[in-house]
Every structure is written in C-alpha cells, then in structure tokens.
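Asks: Throw the hints in and build the complete structure from the sequences for me.
Residue-level listing of the chains:
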Amino acid sequence: MDNEKLLDVKNLTISFHTYVGEVAAVRNVDFYLKKSEVLAIVGESGSGKSVSTQAILGLTPIPPGEIKSGKILFKHEDLLKFDEKEMSKICGSQISMIFQDPMTSLNPTMKVGNQIREVLHQHSDISRRESRERAIELMTLVRIPEPEMRIDQYPHELSGGMRQRVMITIAMANRPDILIADEPTTALDVTIQSQIFRLLKELRTKFDTAIILITHDFGVVAGIADRIVVMYAGKVMEEDETDQIYYEPRHPYTVGLLKAVPSLADNEEEKLRTIDGTPPFLLKIPSGCPFADRCEYAMRICKEKEPQYFQSKDSSRVFCWLYHDQADGQLQRFKDREGRLR
Amino acid sequence: MVRYILNRVLVAILTMFVLATATFFLLRLVPGDPFAGPKVVPEVKERLRIHYGLDKPLAEQYLIYMGNILRGDFGYSLAKRGHRVNKVIKDAFPASLDLGIRAMIIAIIFGIFFGIIAALNRGKPLDYLTVILVLIGISVPSFVVAALLQYFFGVYLKILPVARYESFWHTLLPAFALSLGTMAVLARYMRASMLEVMTADYIKTAKAKGLRNTQIVIRHQIRNALFPILTILGPAIAMVLTGSFIIESIFAIPGLGRHYVLAMQNLDYTLVMGLTLFFGFFLIVMNLLVDFTYGIIDPRVRYTRN
Ligand SMILES: Nc1ncnc2c1ncn2[C@@H]1O[C@H](COP(=O)(O)OP(=O)(O)O)[C@@H](O)[C@H]1O
Ligand code: SF4
Ligand SMILES: [Mg+2]
Numbered sequence: 001m002d003n004e005k006l007l008d009v010k011n012l013t014i015s016f017h018t019y020v021g022e023v024a025a026v027r028n029v030d031f032y033l034k035k036s037e038v039l040a041i042v043g044e045s046g047s048g049k050s051v052s053t054q055a056i057l058g059l060t061p062i063p064p065g066e067i068k069s070g071k072i073l074f075k076h077e078d079l080l081k082f083d084e085k086e087m088s089k090i091c092g093s094q095i096s097m098i099f100q101d102p103m104t105s106l107n108p109t110m111k112v113g114n115q116i117r118e119v120l121h122q123h124s125d126i127s128r129r130e131s132r133e134r135a136i137e138l139m140t141l142v143r144i145p146e147p148e149m150r151i152d153q154y155p156h157e158l159s160g161g162m163r164q165r166v167m168i169t170i171a172m173a174n175r176p177d178i179l180i181a182d183e184p185t186t187a188l189d190v191t192i193q194s195q196i197f198r199l200l201k202e203l204r205t206k207f208d209t210a211i212i213l214i215t216h217d218f219g220v221v222a223g224i225a226d227r228i229v230v231m232y233a234g235k236v237m238e239e240d241e242t243d244q245i246y247y248e249p250r251h252p253y254t255v256g257l258l259k260a261v262p263s264l265a266d267n268e269e270e271k272l273r274t275i276d277g278t279p280p281f282l283l284k285i286p287s288g289c290p291f292a293d294r295c296e297y298a299m300r301i302c303k304e305k306e307p308q309y310f311q312s313k314d315s316s317r318v319f320c321w322l323y324h325d326q327a328d329g330q331l332q333r334f335k336d337r338e339g340r341l342r
Numbered sequence: 001m002v003r004y005i006l007n008r009v010l011v012a013i014l015t016m017f018v019l020a021t022a023t024f025f026l027l028r029l030v031p032g033d034p035f036a037g038p039k040v041v042p043e044v045k046e047r048l049r050i051h052y053g054l055d056k057p058l059a060e061q062y063l064i065y066m067g068n069i070l071r072g073d074f075g076y077s078l079a080k081r082g083h084r085v086n087k088v089i090k091d092a093f094p095a096s097l098d099l100g101i102r103a104m105i106i107a108i109i110f111g112i113f114f115g116i117i118a119a120l121n122r123g124k125p126l127d128y129l130t131v132i133l134v135l136i137g138i139s140v141p142s143f144v145v146a147a148l149l150q151y152f153f154g155v156y157l158k159i160l161p162v163a164r165y166e167s168f169w170h171t172l173l174p175a176f177a178l179s180l181g182t183m184a185v186l187a188r189y190m191r192a193s194m195l196e197v198m199t200a201d202y203i204k205t206a207k208a209k210g211l212r213n214t215q216i217v218i219r220h221q222i223r224n225a226l227f228p229i230l231t232i233l234g235p236a237i238a239m240v241l242t243g244s245f246i247i248e249s250i251f252a253i254p255g256l257g258r259h260y261v262l263a264m265q266n267l268d269y270t271l272v273m274g275l276t277l278f279f280g281f282f283l284i285v286m287n288l289l290v291d292f293t294y295g296i297i298d299p300r301v302r303y304t305r306n
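Line order of the protein sequences matches chains A and B. Sequential numbering from 1 applies to the first sequence in the working numbering. Sequential numbering from 1 applies to the second sequence in the working numbering.
Hint data in this document are derived by calculation from the structure and do not stem from the laboratory. From the three backbone atoms N, C-alpha and C, an ideal C-beta is built for every residue, glycine too. Wrong hints could be hidden among the right ones.
[Claimed, not checked] Derived coverage of chain B by chain A (criterion: at least 3 residues anywhere in the stretch with Cβ under 8 Å from a Cβ of chain A; other residues may be distant):
| # | segment |
| --- | --- |
| 1 | 39-48 |
| 2 | 104-116 |
| 3 | 289-300 |
[Claimed, not checked] Derived EDC-like pairs (lysine to aspartate or glutamate); straight-line CA-CA distance at most 20 Å:
| # | chain 1 | residue 1 | chain 2 | residue 2 |
| --- | --- | --- | --- | --- |
| 4 | A | 35 | A | 4 |
| 5 | A | 111 | B | 201 |
| 6 | B | 204 | A | 83 |
| 7 | B | 204 | A | 243 |
| 8 | A | 71 | A | 84 |
| 9 | A | 10 | A | 78 |
| 10 | B | 124 | A | 66 |
| 11 | A | 111 | B | 298 |
| 12 | A | 313 | A | 243 |
| 13 | B | 204 | A | 101 |
| 14 | A | 201 | A | 182 |
| 15 | B | 204 | A | 86 |
| 16 | B | 204 | A | 66 |
| 17 | B | 204 | A | 84 |
| 18 | B | 204 | A | 182 |
[Stated by the list, open to error] Quick list of the computed label-pair ranges, beta carbon to beta carbon:
| # | chain 1 | residue 1 | chain 2 | residue 2 | range |
| --- | --- | --- | --- | --- | --- |
| 19 | B | 26 | A | 152 | 48 to 58 Å |
| 20 | A | 124 | B | 201 | 19 to 29 Å |
| 21 | A | 69 | B | 121 | 56 to 66 Å |
| 22 | A | 189 | B | 140 | 53 to 63 Å |
| 23 | A | 121 | B | 201 | 15 to 25 Å |
| 24 | A | 287 | B | 136 | 47 to 57 Å |
| 25 | B | 223 | A | 146 | 19 to 29 Å |
| 26 | B | 201 | A | 287 | 46 to 56 Å |
| 27 | B | 169 | A | 137 | 57 to 67 Å |
| 28 | B | 21 | A | 189 | 53 to 63 Å |
| 29 | B | 212 | A | 189 | 32 to 42 Å |
| 30 | A | 11 | B | 123 | 26 to 36 Å |
| 31 | A | 86 | B | 121 | 20 to 30 Å |
Replies: Shown next, in the form of structure tokens:
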C-alpha cells in the first residue's frame with residue numbers, strides 16, 4: 001500500500017513567527033498522493049492550504065516560517081532534508097506548481113517565451129533554438145493561440161486566462177510527476193475557469209501527472225478530483241473519496257462548505273448559505289475542536305478536548321467527536337438533519 | 001507616445017518661462033548693489049547702471065531680457081566687466097560636466113552595489129553597516145566630507161592633490177565627495193526596491209521552476225529592482241548639480257558652480273540669471289531623457305503609453 005504513494009506528507013506542522021506571536025498555520029497535517037491521481041484540498045481561505053503545499057517545494061519563507069515537525073516523502077525520500085541544490089533539481093522538473101494570481105506570478109519584465117524556456121534550460125541541456133521550438137510546441141498544447149507571436153510578448157500583453165496558461169506551460173514543460181495547482185482559477189472569470197479545468201484534466205490524462213488541486217470552492221472539484229482533503233484552521237477535518245464526500249459528508253464543516261455551493265443546493269431556500277462565524281485566530285487556538293464555535297452539533301467535550309481522527313476505511317477519516325462511541329445520539333441527530341442534503 | 005513627448009516638452013518650455021520670470025524679479029528683491037565697492041564713486045556707478053540698462057523701468061528691462069534670451073543671448077556679466085555670460089558658461093561647463101559625470105558614475109555603481117549587498121544580508125551586520133553608512137552619507141554635509149578627505153588624503157597621507165582640477169588624480173577627491181549624498185540615496189532606494197521584489201510572486205515562481213538562489217537574484221530580483229531606480233536618476237542628477245556649487249568652491253575647480261556662488265555674492269544679475277536658466281534647462285532636459293529612457297526600457301511603461 002505504502003509504496004503506491006508518490007507523495008506522503010506526514011505530521012507536518014508549520015508556524016510563522018510574527019511580531020504579535022506565533023501563528024500556527026499548519027498543525028499535524030497528513031495527506032498523500034498516489035501516482036496520476038487528483039487530490040483536492042478544500043477549505044476556507046486561511047485554513048493552511050497554501051502553506052502546507054508550498055512546503056512541498058521548499059517555498060516556505062524561513063524566517064518568519066518554521067517547519068516544526070513532519071516529513072514530506074517524495075518517492076520515499078524526505079524533501080524536508082534536501083538542501084537548496086537538491087531541491088532545485090526537483091522543483092520545476094518532477095514537482096511543479098501554479099499559483100493563484102497569474103497577474104503577479106510571471107516576471108513583468110521578461111518575455112513569456114523566455115520564462116518558459118528558462119525552465120527547459122534549467123533541467124536539460126538543450127540549445128536555444130530547441131528550447132524555442134519546444135516552448136512553441138508546449139504553448140500550442142495548452143491552447144495559447146498564435147504561439148509564435150505570443151512567445152515574444154510580455155505578460156501584461158496577455159489576458160489573465162492566457163497568463164495562467166503560460167504558468168501551466170511552465171509547470172508542465174518538463175512533464176512533472178506532480179502538479180500543484182493552488183487556486184488556479186480564483187482570480188479568473190467563470191468562463192475561463194472551466195476552460196482551465198478542462199485543460200488540467202486533459203494534461204493529466206496525456207502526461208499521467210498527479211495533481212493536487214487547491215480550492216476554497218467545492219463547486220469546482222466534483223468533476224476532477226479522485227479524493228478530497230478538507231482543511232480548516234491548519235488541520236485536516238475530513239479525508240475521503242470524492243463521491244463519498246459529496247453524497248455522505250461526515251464532518252459538520254464539510255457539510256457547511258457543501259451547502260455554500262449554489263449549484264449543489266437543491267432548493268431555493270438552501271442557496272448561498274454560508275457558514276456563520278469566522279475561523280479561529282491561529283495565534284490563540286482554542287483547546288477543543290477549532291470548529292466548535294461555529295458548529296451546530298457542538299457538544300460539551302468539543303470545547304474542552306481536541307477531537308481525534310476516526311478512521312473508517314484506509315482512505316477515509318474524520319476529525320470530529322460525533323464519531324465517538326458515546327456520541328451516538330448526537331450523530332443520529334446530525335444524520336437525520338443533514339442526511340437529506342443530497 | 002508622440003503626444004506624450006509633445007506634452008512633456010510643452011510643460012518643459014512653460015517651466016523655463018516661469019523660472020526665467022521668477023528669477024528675474026526675485027533677484028531684484030535681494031538687497032544690495034551689483035556695482036558696490038569701496039573704490040567706485042557714485043558717478044561711475046550711475047554710468048555703469050545706464051551702460052547696462054539698469055536705469056530703465058523694470059518692466060522694460062524684463063521685456064528686453066526675455067527678448068534676448070529667446071535669441072540665446074544672456075548678455076554681459078555685471079561683475080566680470082567685459083565678459084559675456086554665454087562665454088563664461090561655455091568656458092566653465094566642461095569642468096562641471098566632467099566632475100558631475102564622474103560623481104554620478106561613482107554614485108550609481110557604489111549606490112546600487114551597496115543597496116544590493118544590504119538587501120541580500122537583510123537584518124545581518126552587513127545590512128546595518130550599510131544602513132549606518134547611508135545615514136552618514138545623507139546627513140553629513142558634503143563640505144565636511146570634502147574637508148576631511150582633503151585633510152586625510154592631501155595633507156596627512158599626501159597621496160592626492162588637495163585642490164584644482166588638472167589630472168585624473170585631481171578628480172578623485174571632489175568626485176567622491178560630490179557623489180556621497182547621491183550614492184547614499186541610491187543605496188537606500190536600491191535596498192528597498194530589492195526587498196520589495198524579493199517578496200513578489202514571480203520570485204516564488206522562479207524558485208518553483210528550480211532556479212538556484214543566485215540565479216534568481218541575478219536574473220529576476222536585481223533586474224526588476226533596477227527599474228524603479230531609473231525614475232530617481234532625475235532627482236539624483238539634480239542633487240549632484242546642487243552639490244557641485246560647494247564642492248567646486250572647496251576644491252577650486254573652475255566650473256559653473258563656483259561662478260554661481262561668486263555671482264550670487266556679487267549680485268551679478270545677468271550671470272546669476274544665465275546660470276540659473278542654464279541649470280534649469282539642463283535639469284529639465286535630463287529629467288525628460290530619464291523618463292523617455294524609462295519608457296523605452298521598461299516593457300510595462302512602453303506598452304501602456306502606446
Ligand atoms: N508569511 C507568513 N507570515 C505570517 N503568517 C502567514 C504567512 N503565510 C501564511 N500565514 C498564515 O498562515 C495561515 C494559513 O495561510 P494559507 O496557507 O495561505 O491559507 P489558505 O491558502 O488556505 O488560504 C493564515 O492564517 C496566514 O495568515
Ligand atoms: S468535534 Fe464537535 S464541534 Fe467539532 S465539528 Fe465535531 S461536533 Fe462540531
Ligand atoms: Mg491560499
């Protein structure tokens with residue numbers, strides 16, 4: 001089982017030392033990724049999605065960041081033990097990443113063609129002519145129209161959608177094993193969003209690339225993800241196969257996120273219902289369940305003691321007291337009310 | 001782009017006009033007499049006033065003067081009898097230009113270098129050292145620095161000439177003294193610019209592409225940090241220019257700055273006017289050039305203006 005895992009993040013804890021104190025951004029997070037599968041990491045903004053995935057590529061700014069514990073096993077080697085030189089060989093060739101804002105993710109003073117070619121030259125010995133041809137080929141592949149002309153343009157001459165395609169070109173240039181897409185469409189129009197997702201799916205089939213798709217919107221993951229990890233306040237709340245999460249979400253937070261998706265709500269009344277309240281301040285984490293203040297099913301123990309993970313299958317766990325043997329009654333109430341969700 | 005340039009040139013002409021008018025009238029408000037002197041008898045003074053047209057009504061003088069400068073004629077110096085202002089400028093400009101260019105080169109090279117070093121060592125001793133040096137460079141007046149340099153290298157070590165402007169060795173101390181303030185300002189800007197770029201998203205992208213840290217610094221960080229520096233080159237040139245008044249006087253360099261200081265002391269209306277307008281013109285042209293170059297070099301500006 002374990003050797004199927006291409007990437008295995010174990011017990012990852014990351015803090016930021018700020019002027020006001022230590023921000024516990026990611027706490028004991030585990031997730032894994034199998035070859036050529038798509039894993040979605042879903043959670044409200046600030047739940048630690050970016051911090052935990054950027055750590056994979058060594059992008060955590062240290063200081064103020066500090067990786068307090070954990071392992072990031074990639075092909076059985078711990079990336080956290082790699083030095084700068086070893087990491088640079090992995091980044092952009094075996095694991096690559098695209099970011100939320102294509103407007104700022106490209107160097108504004110460098111032609112997009114050169115930015116694409118840079119990643120080709122970095123990881124293979126090819127001539128300048130070859131890299132240009134290869135860049136045009138790749139741009140065609142991600143459907144950038146008129147690549148011969150675009151290759152000599154600067155980022156600001158391209159639309160947001162086109163820039164994200166350029167970012168995807170850069171990320172896919174060396175056919176990585178893993179692509180991390182951190183909210184790749186959040187900054188884009190809805191129409192462009194679906195095009196980008198279609199493109200990602202296509203590339204995945206074509207290159208067999210495993211993808212970690214990060215989003216705060218459950219609406220976009222159904223058609224693309226194999227498995228889902230739900231994050232909140234720096235912790236994994238629930239992890240399961242996509243269908244399971246959609247049809248039978250087990251964590252009250254997951255239920256809240258699903259209800260907030262307009263297209264998934266099955267009647268008018270349920271439309272656009274967002275979860276009341278705000279995530280906890282990560283400077284002073286409450287001792288119990290981080291969701292307790294916002295949870296309709298909170299019990300006394302929820303405020304007192306942090307829940308543990310209740311595992312049902314290998315790929316399925318939930319961080320919630322409802323699944324404790326002694327909470328049967330409350331769990332029944334949850335099931336009765338939320339069971340009708342789908 | 002053409003319209004933008006025309007616009008800028010028009011504003012420049014207007015600025016020159018306002019500068020000429022304001023200096024003309026303000027100078028007359030300065031108390032004193034251009035022909036004052038212990039040996040000058042009142043009759044001679046009167047004849048001189050008539051000779052230079054200073055007896056005419058102020059408005060008429062103004063019109064005559066403006067007419068003349070339109071033809072590029074700055075008239076005769078009042079204090080250096082018989083010398084044309086144009087000739088004074090022509091003779092003194094080369095030395096000033098030479099000193100200014102040397103000072104700018106020193107300021108740019110070292111300013112940017114120190115800025116980069118400080119930014120790359122942020123929060124470490126080297127950073128604090130640069131920050132302190134920058135503070136000193138900005139706050140210690142150039143004449144103090146000049147005097148210290150003269151004493152140390154000229155009098156104590158005796159390895160460099162104390163004054164005059166005759167060989168390469170003569171240029172070193174004044175150019176360095178003149179460059180210090182500008183160097184400090186440039187270093188501070190470069191440091192801030194580097195730090196700003198360091199947190200930019202595209203630096204993260206570069207790292208995610210597998211670039212080594214040094215490659216990122218050279219190819220992405222320094223390159224992008226340099227663009228904002230271009231925009232302060234205009235003010236930097238102005239700083240060197242104003243600094244040159246004092247430095248030229250201290251080092252006895254036969255440049256425009258020294259003439260300016262003397263002309264002001266003598267209340268030499270025509271020479272002060274001529275030099276002011278010349279400096280003004282020079283600065284405006286430099287600023288225009290800097291802006292246009294920026295527009296040509298920075299792709300972002302280049303395209304939005306089209
Ligand atoms: N450089 C940083 N300094 C301080 N705090 C940070 C830094 N980066 C992220 N954080 C904190 O870490 C938490 C998680 O952030 P993030 O992973 O970006 O959330 P998400 O991507 O899920 O929206 C947030 O509370 C954020 O304020
Ligand atoms: S542990 Fe308690 S408060 Fe937290 S989600 Fe479960 S029921 Fe709600
Ligand atoms: Mg994020």
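Asks: If a hint holds in the structure, say so; if it does not, say that too.
Replies: Checked hints:
1. Coverage of a stretch by a chain is defined here by at least three residues with a beta carbon nearer than 8 Å to that chain's beta carbons; for the segment 39-48 of chain B and chain A the count is 0, and the condition is violated.
2. Counting residues of the segment 104-116 of chain B whose CB lies closer than 8 Å to any CB of chain A gives 0, which falls below the minimum of 3, so the coverage claim is violated.
3. Remark: the segment 289-300 of chain B is confirmed as covered by chain A, as 3 of its residues place a Cβ nearer than 8 Å to a Cβ of that chain, reaching the required three.
4. Taken as a hint, the residue 35(A) and residue 4(A) pair is honoured in the structure, with Cα atoms around 7 Å apart against an allowance of 20 Å.
5. For the hint pairing residue 111(A) with residue 201(B), the CA-to-CA distance comes to about 16 Å; that is within 20 Å, so the pair holds.
6. Between the alpha carbons of residue 204(B) and residue 83(A) the distance comes to roughly 17 Å, so the proposed pair stays at or under 20 Å and holds.
7. Our distance criterion of 20 Å between C-alpha atoms is broken by residue 204(B) and residue 243(A), whose separation comes to about 34 Å.
8. For a cut-off of 20 Å, the pair hint linking residue 71(A) to residue 84(A) stands: about 17 Å separates their Cα positions.
9. Between residue 10(A) and residue 78(A) the alpha-carbon distance is near 10 Å, which keeps this suggested pair within the 20 Å criterion.
10. Among the hinted pairs, residue 124(B) with residue 66(A) is consistent with the structure: their alpha-carbon atoms are about 19 Å apart, no more than 20 Å.
11. Note on residue 111(A) and residue 298(B): the hinted pairing holds, with a Cα-Cα distance of about 12 Å set against a maximum of 20 Å.
12. At roughly 14 Å between alpha-carbon atoms, residue 313(A) and residue 243(A) fall within 20 Å of each other, so this suggested pair holds.
13. With a CA separation close to 12 Å, the supplied pair residue 204(B) and residue 101(A) stays within the 20 Å bound.
14. For the suggested pair residue 201(A) and residue 182(A), the alpha carbons sit about 15 Å apart, so the restraint of at most 20 Å is met.
15. For the suggested pair residue 204(B) and residue 86(A), the alpha carbons sit about 17 Å apart, so the restraint of at most 20 Å is met.
16. Between the alpha carbons of residue 204(B) and residue 66(A) the distance comes to roughly 17 Å, so the proposed pair stays at or under 20 Å and holds.
17. Restraint check for residue 204(B) and residue 84(A): satisfied, since their Cα atoms lie roughly 14 Å apart, inside the 20 Å limit.
18. Taking the CA atoms of residue 204(B) and residue 182(A), the gap is near 13 Å; set against the 20 Å cutoff, the hint holds.
19. Between residue 26(B) and residue 152(A) the C-beta distance comes to about 53 Å, which sits within the given range of 48 to 58 Å.
20. For residue 124(A) paired with residue 201(B), a C-beta distance near 25 Å keeps the hint of 19 to 29 Å intact.
21. Taken as a hint, the range 56 to 66 Å is violated for the pair residue 69(A) and residue 121(B), whose Cβ atoms sit roughly 30 Å apart.
22. In this structure the supplied range 53 to 63 Å holds for residue 189(A) paired with residue 140(B), their Cβ-Cβ distance being about 56 Å.
23. For the pair residue 121(A) and residue 201(B), the beta carbons lie near 22 Å from each other, so the given range of 15 to 25 Å is met.
24. The hint said 47 to 57 Å for the Cβ distance between residue 287(A) and residue 136(B), and at roughly 53 Å that hint holds.
25. Restraint check, residue 223(B) to residue 146(A): a C-beta distance of roughly 27 Å satisfies the suggested window 19 to 29 Å.
26. In this structure the supplied range 46 to 56 Å is violated for residue 201(B) paired with residue 287(A), their Cβ-Cβ distance being about 36 Å.
27. A beta carbon spacing of about 60 Å between residue 169(B) and residue 137(A) agrees with the range 57 to 67 Å that was offered as a hint.
28. The hinted range of 53 to 63 Å is satisfied by residue 21(B) and residue 189(A), whose Cβ atoms lie roughly 55 Å apart.
29. The hinted range of 32 to 42 Å is satisfied by residue 212(B) and residue 189(A), whose Cβ atoms lie roughly 36 Å apart.
30. The hinted window of 26 to 36 Å between residue 11(A) and residue 123(B) holds, with their beta carbons roughly 30 Å apart.
31. Distance hint check: the CB atoms of residue 86(A) and residue 121(B) are about 24 Å apart, consistent with the given range 20 to 30 Å.
In this structure, the earlier hints numbered 1, 2, 7, 21 and 26 are contradicted, and the remaining ones agree with it.
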